[in-house]
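J.: Chains as they are written, first to last, in the working numbering: chain U, 1 to 406; chain H, 1 to 89.
Simulated from the structure, these hints should not be mistaken for laboratory data. All C-beta atoms, glycine included, are put in the ideal place defined by N, C-alpha and C. Accuracy of the hints is not assured; some may be wrong.
[Claimed, not checked] Some chain U residues judged to face chain H by a derived CB distance under 10 Å, without partners named:
(1) Q40
(2) I265
(3) R273
(4) F276
[As the list claims (entries may be wrong)] Straight-line distance between alpha carbons at most 25 Å, and here's what the computed BS3-like set of lysine-lysine pairs gives:
(5) U:K73 <-> U:K42
(6) U:K20 <-> H:K40
(7) U:K42 <-> U:K20
(8) U:K139 <-> H:K40
(9) U:K385 <-> H:K40
(10) U:K20 <-> U:K73
(11) U:K274 <-> H:K49
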Amino acid sequence: MLLRLLHFFRGWVSFTVSGKYPERFLNITARRNIRLWDVQRKDGGFTACMYRSDYRRIRPVARGAGVTLRIYKKNGLPGMIGRYRGRVGVVIGACAFLVSVFVMSLFVWSVDITGCQTVSRTQMLADLREQGLYVGAFKPLIDPKQVSREMMLRRREIGWMAVNLTGSYASVEIKEEAPAPEVEDISAPCNVKARSDGLILRIEAMEGETEITEGSGVIEGQLLVSGVRTGGQGESRLVHAQARVYARTAREASFSVPAVSNTLIPNGETAQRKSFLLFGLRLPYHISAVRSPYSVSSRELWSPCPLNITLPLGASVETVSALEYQEQELDDNSAEELLTREAQLYEIFSLSDCTVENRDYHLSYSDSVYTLRATYTCVEDIAYKEPIGTDENTDLTPRIVPTESE
Amino acid sequence: MKEKQRDKQREKRHVSAIPSANESFIEVSGNHEILIEGSKGVLEYTSEKVRVNTASMLLTVCGRGLNLRCISDSALIIDGFITSLNFEV
Chain U
1 MLLRLLHFFR
11 GWVSFTVSGK
21 YPERFLNITA
31 RRNIRLWDVQ
41 RKDGGFTACM
51 YRSDYRRIRP
61 VARGAGVTLR
71 IYKKNGLPGM
81 IGRYRGRVGV
91 VIGACAFLVS
101 VFVMSLFVWS
111 VDITGCQTVS
121 RTQMLADLRE
131 QGLYVGAFKP
141 LIDPKQVSRE
151 MMLRRREIGW
161 MAVNLTGSYA
171 SVEIKEEAPA
181 PEVEDISAPC
191 NVKARSDGLI
201 LRIEAMEGET
211 EITEGSGVIE
221 GQLLVSGVRT
231 GGQGESRLVH
241 AQARVYARTA
251 REASFSVPAV
261 SNTLIPNGET
271 AQRKSFLLFG
281 LRLPYHISAV
291 RSPYSVSSRE
301 LWSPCPLNIT
311 LPLGASVETV
321 SALEYQEQEL
331 DDNSAEELLT
341 REAQLYEIFS
351 LSDCTVENRD
361 YHLSYSDSVY
371 TLRATYTCVE
381 DIAYKEPIGT
391 DENTDLTPRI
401 VPTESE
Chain H
1 MKEKQRDKQR
11 EKRHVSAIPS
21 ANESFIEVSG
31 NHEILIEGSK
41 GVLEYTSEKV
51 RVNTASMLLT
61 VCGRGLNLRC
71 ISDSALIIDG
81 FITSLNFEV
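My request is simple: use the sequences and hints to build the entire structure.
T.: Okay, here's the thing in structure tokens:
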């Protein structure tokens with residue numbers, strides 16, 4: 001391998017030797033310390049290889065030995081340079097290529113983030129951009145350790161982060177931090193009260209004195225389990241009351257929609273904007289627009305990712321759909337359908353902690369507005385803890401009932 | 001004691017393997033390559049036969065497709081399918 005490299009840099013020629021005594025030529029070259037290799041017998045003579053510089057010296061020797069030399073191939077670097085000596089453009093092109101490779105290697109051409117679970121990838125890219133790490137960023141100005149430190153300070157949900165710059169490829173690895181569970185202070189005295197009105201179905205008291213019985217009705221804020229325990233001798237002590245109190249409650253919600261409304265609806269007119277993405281630059285090659293002032297757009301990005309490395313090129317297609325205001329008039333059925341759907345969504349998201357036993361919808365129409373009143377009968381835990389007043393707002397002075405004489 | 005004698009014998013063998021000015025050193029690898037050190041010139045070269053003059057003898061290498069892989073002032077390497085070696089003293 002090393003010898004081949006040496007041959008390449010010194011340059012060598014392949015030539016044929018023909019004449020009466022080719023062996024004589026071999027001996028003379030050997031005596032003059034000229035190296036020959038790959039000597040092969042061909043009809044009437046032989047072929048051999050020799051360094052380019054030696055070949056110039058050997059011409060008079062060949063004449064003396066009575067043989068004729070003929071070059072059939074020139075190899076190596078000097079030959080290549082000689083071939084392109086007259087072509088200035090090729091030399092300039094080669095230099096420009098080398099310079100461009102050097103310059104391009106000074107920039108970041110791809111940023112990949114791995115380990116995102118709850119953290120938004122888009123948000124991470126935006127934050128990294130603020131820290132100076134983005135596609136097209138000047139690499140010598142980036143301090144990976146500083147970037148990761150700043151990002152961890154900025155986003156508390158990141159437990160560990162590393163920024164690796166490999167050539168022009170930046171890989172960001174993150175590990176999200178598991179949030180510490182809330183630790184309840186069970187030594188602080190507190191009462192358990194009712195969050196809402198309801199009919200008590202079941203009481204599971206772990207600590208404290210129960211003040212209500214199953215089957216009784218309670219109102220919002222009523223004491224359910226007291227944190228003040230009274231001993232057999234009549235002494236009192238404060239405890240951290242804990243209980244789950246299940247009650248049947250009634251929840252109400254109303255949803256309304258105007259009978260006549262102006263809404264933005266797609267009118268069918270669409271336009272596409274296509275562009276190439278090259279080294280962080282967006283190069284549009286197809287532009288069109290919609291006439292309507294209102295529009296909604298969606299963008300599709302395509303970028304090749306061989307070996308999970310996003311390359312700094314791709315294509316983007318943005319589809320713009322025109323919108324226009326249209327007057328819509330609802331009838332009873334469509335209004336009920338629309339409002340019932342809203343009520344169902346409310347039930348899914350707002351009553352997720354309750355077991356809904358019964359639901360009742362009532363649709364009414366007045367002043368060009370449809371209103372759906374929904375009533376839910378639920379079974380839920382209505383207990384909440386309230387600390388026994390020791391803060392500055394608590395009035396701890398003994399209550400003195402004024403007598404009539406006073 | 002025996003080990004010392006063995007070492008001395010080894011040294012003698014090694015010294016005798018180095019060719020002197022009037023001797024040639026020939027190394028044959030299988031039947032496909034032969035290195036000749038101390039050659040004084042190639043007398044005849046065809047693809048079937050190479051005759052090499054050394055200091056004390058004439059060496060003839062016969063075979064098929066014989067090539068002179070490398071040739072310098074005092075050494076040459078012949079490769080190909082070697083069928084016989086002939087020494088003429």
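J.: Hints first: check each against the structure and report whether it holds.
T.: Right, here's what the structure says about each hint:
Proximity of U:Q40 to chain H holds as hinted, the smallest CB-CB distance being about 5 Å (cut-off 10 Å). Look at U:I265: its Cβ only gets to about 85 Å from chain H, farther than 10 Å, so that hint breaks. At its closest, the beta carbon of U:R273 sits 66 Å from a beta carbon of chain H; the interface hint therefore is violated under the 10 Å criterion. Because the beta carbon of U:F276 sits about 55 Å from the nearest beta carbon in chain H, more than 10 Å, this interface hint is broken.
Under the criterion of a C-alpha separation no larger than 25 Å, the hint pairing U:K73 with U:K42 is consistent with the structure, at around 16 Å. Only pairs whose Cα atoms come within 25 Å are accepted, and U:K20 paired with H:K40 is accepted, the gap being roughly 20 Å. With a C-alpha separation of about 14 Å, the suggested pair U:K42 and U:K20 falls inside the 25 Å cut-off, and the hint holds. Distance restraint check for U:K139 and H:K40: the Cα-Cα separation of roughly 63 Å exceeds the 25 Å cut-off, and the hinted pair is therefore not satisfied.
Among the hinted pairs, U:K385 with H:K40 is inconsistent with the structure: their alpha-carbon atoms are about 111 Å apart, more than 25 Å. This hinted pair checks out: U:K20 and U:K73 have alpha carbons roughly 23 Å apart, not beyond 25 Å. Straight-line distance between C-alpha atoms of U:K274 and H:K49 comes to about 73 Å, which puts the hinted pair past the 25 Å bound.
The structure does not agree with the numbered hints 2, 3, 4, 8, 9 and 11 stated previously, though it agrees with the rest.
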